[in-house]
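These are the residues of each chain, in order.
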Amino acid sequence: MSQFTLNLIVVGGSFLLYIGIAIWARAGTTSDFYAASRGVNPIVNGAATAADWMSAASFISMAGLIAFVGYGNSTFLMGWTGGYVLLALLLAPYLRKFGRFTVPEFIGDRFYSQTARVVAVVCLLVISLTYVIGQMTGAGVAFSRFLEVQNTTGLLIASGVVFIYAVLGGMKGITYTQLAQYCVLITAYTIPAVFISLQLTGNPIPGLGLFSTHAESGLPLLTKLNQVLTELGFNDYTGHHGSTLNMLLFTMSLMVGTAGLPHVIIRFFTVPKVADARKSAGWALVFIALLYLTAPAVGAMARLNIITTIFPAGTSAEPIQYAERPDWMTSWEQTGLLAFEDKNNDGRIQYYNENSEEFASIAAERGWEGNEMVTFNRDILVLANPEIAQLPGWVLALIAAGGLAAALSTAAGLLLAISSAISHDMLKSVLMPNITDKQELMAARISMAFAIALATWLGLNPPGFAAQVVALAFGLAAATLFPALMMGIFSKKMNTHGAVAGMLVGLIATLLYIFTYLGWFFVPGTNMLPNTPDNWLFGISPLSFGAVGAIINFSVAYIVMKFTAEPPERIQELVESIRVPRGAGTAVDH
Amino acid sequence: MSLDKTAAAYWSANLRVIFICLVIWATVSFGFAIVLRPLLQMLPFSIGGTDLGFWFAQQGSILTFIALIFYYTWYMNRLDREFGVDEQ
Chain Z
1 MSQFTLNLIV
11 VGGSFLLYIG
21 IAIWARAGTT
31 SDFYAASRGV
41 NPIVNGAATA
51 ADWMSAASFI
61 SMAGLIAFVG
71 YGNSTFLMGW
81 TGGYVLLALL
91 LAPYLRKFGR
101 FTVPEFIGDR
111 FYSQTARVVA
121 VVCLLVISLT
131 YVIGQMTGAG
141 VAFSRFLEVQ
151 NTTGLLIASG
161 VVFIYAVLGG
171 MKGITYTQLA
181 QYCVLITAYT
191 IPAVFISLQL
201 TGNPIPGLGL
211 FSTHAESGLP
221 LLTKLNQVLT
231 ELGFNDYTGH
241 HGSTLNMLLF
251 TMSLMVGTAG
261 LPHVIIRFFT
271 VPKVADARKS
281 AGWALVFIAL
291 LYLTAPAVGA
301 MARLNIITTI
311 FPAGTSAEPI
321 QYAERPDWMT
331 SWEQTGLLAF
341 EDKNNDGRIQ
351 YYNENSEEFA
361 SIAAERGWEG
371 NEMVTFNRDI
381 LVLANPEIAQ
391 LPGWVLALIA
401 AGGLAAALST
411 AAGLLLAISS
421 AISHDMLKSV
431 LMPNITDKQE
441 LMAARISMAF
451 AIALATWLGL
461 NPPGFAAQVV
471 ALAFGLAAAT
481 LFPALMMGIF
491 SKKMNTHGAV
501 AGMLVGLIAT
511 LLYIFTYLGW
521 FFVPGTNMLP
531 NTPDNWLFGI
541 SPLSFGAVGA
551 IINFSVAYIV
561 MKFTAEPPER
571 IQELVESIRV
581 PRGAGTAVDH
Chain E
1001 MSLDKTAAAY
1011 WSANLRVIFI
1021 CLVIWATVSF
1031 GFAIVLRPLL
1041 QMLPFSIGGT
1051 DLGFWFAQQG
1061 SILTFIALIF
1071 YYTWYMNRLD
1081 REFGVDEQ
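Residue numbers (our numbering), protein chains in the order written: chain Z, 1 to 590; chain E, 1001 to 1088.
Derived by calculation from the structure, the hints in this document are not laboratory data.
Be careful, since some hints might not be right.
Simulated DEER-style distance windows between Cβ atoms [stated by the list, open to error]: (1) Z/112 - E/1042: 49 to 57 Å; (2) Z/5 - E/1067: 39 to 47 Å; (3) E/1012 - Z/375: 57 to 65 Å.
Everything numeric in this text was worked out from a predicted model, so none of it was measured.
Glycine included, C-beta positions come from ideal geometry on N, C-alpha and C.
Produce the entire structure from the sequences given, and follow the hints as far as they go.
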């Protein structure tokens, strides 16, 4: 059976499964559509949250991000998991007790203001729309690479599948498809990782293998990796090579941003009890950790594998002949994601750090005239893992299904956050308060269909700035929604003026800082300062500014609150009531 | 004891455990994995060829986060029952 047929069977099978679930889990009421009628088991919700959260970026790109930087990019691992501690301790149980359907709904009701609600809707739309572009393009790319269809066709098939289960089932359909998608993606990620770990270290658990002995050399794996990297002029893998302040702020921004992402928060509205919301956050992190504890091992092992493949007799000996390169390199060269250029015409592949001044003399002595692996897209690491480890074809097919599951599950969660903000917060709460439940459900389905169409269009015509915009999403979530939600729960006296001022100043400050270095609305050439560490304020990268934006939001809100009227008595009572779990059942009736 | 007083005691017990958990959360990630890493490097042992700080950055912090959430869940379930504010 050809690889193409295998891919088609595995991916097609997974899609049939998702559609089957959609038909089984149709939504009958708005409560079904927005919150799966709060009947989701906390462990199931944990797995669904994990799929909701882990996007194409986590599945495909993260191991590569870590592999090519080493210790410095541990920020992604800590940042994207540490946010769940904030979510479990500071937000999820109270928002569940509040017992409504959306994030702007809490902000609007708690701060007794339509302005606050609308500001929250705007923040939510900017955050979620920017995020969804990446998922749709990711799904399109995965389709075209594995199923040999046009990018456009791939994207349309993906939107069609999401359309079926998201429009039919709403949160209920999305929850159970996300559970299935989690199973697919974690299996796909783990199998090649286990085999690579076994091959290199003899330890079947990749997270432990990372700290074990490299079987071939008898040295610890990381020592071996540091050794070969420094011998080729690269930075050592475990060393600290960047700014400490920036590393702290970047980690903090990712953590706070994660806790403030609306599509993650709304998952915790689906469990029956407040105690379940806490427990569910714990399970979500367990399911996420299965991938996040494996990813750094995949990164380090794949990096070592690549170097030992190119330098089979050691880094001080000659590298391999281009003609004798392994098959997986040949097949990835066809995609353009991997490219070689024989700069010194010796027929061999010299791979080293050509930017290292110290290494330049050694390279010259050995007759090397530049790094000859001119393109190595970091996404190849995970996608080519099964081929590098020489695993059977069905594992590669599983990776294709896993990548698509990761992209589609996140896209569906984001689309639900977008459509419920429109149908519930704008239509029902602001514009047409008198519509019936049935009409609202229809409105929710229509806005979902529109959101999918918009996301598909954006996926087909991605704005050139898609990569920067994902960072913007985290920065904005950290600087706007997280502080407003937290103050709404932990400060009884926080009033509408403080919250709105905090969100607006946090939003504007973060946007200004990002635009200063990345250009106004990301238009190239309009940046006022070059985006280099010497120009950053106190060395803070625009990507790390979310944490600073959050601090600005908190401070502005506090100062404004001090000079304006206290919130009314009923709001202070509302805050009292969300702080205790008892009575959550009655809040469901809505 | 008035209802308000009980509610206040429940809330301050909750804030206390949140504070303790967040101190540990920050210590393992911002502390051990980043700022305090040079101190951990001085420890007389190594983990798989590197230091404890690197292990915290890529494995230990995540494992600690999981433990923290489950500890908080367990603690709060007990506290809810103690103060009679649990869900029936």
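Hints, one by one, checked against the model:
1. Z/112 - E/1042: 49 to 57 Å: holds, 55 Å
2. Z/5 - E/1067: 39 to 47 Å: holds, 45 Å
3. E/1012 - Z/375: 57 to 65 Å: Given range 57 to 65 Å: holds, Cβ gap about 58 Å.
Going down the numbered hints, you'll see the structure goes against none, and every one checks out.
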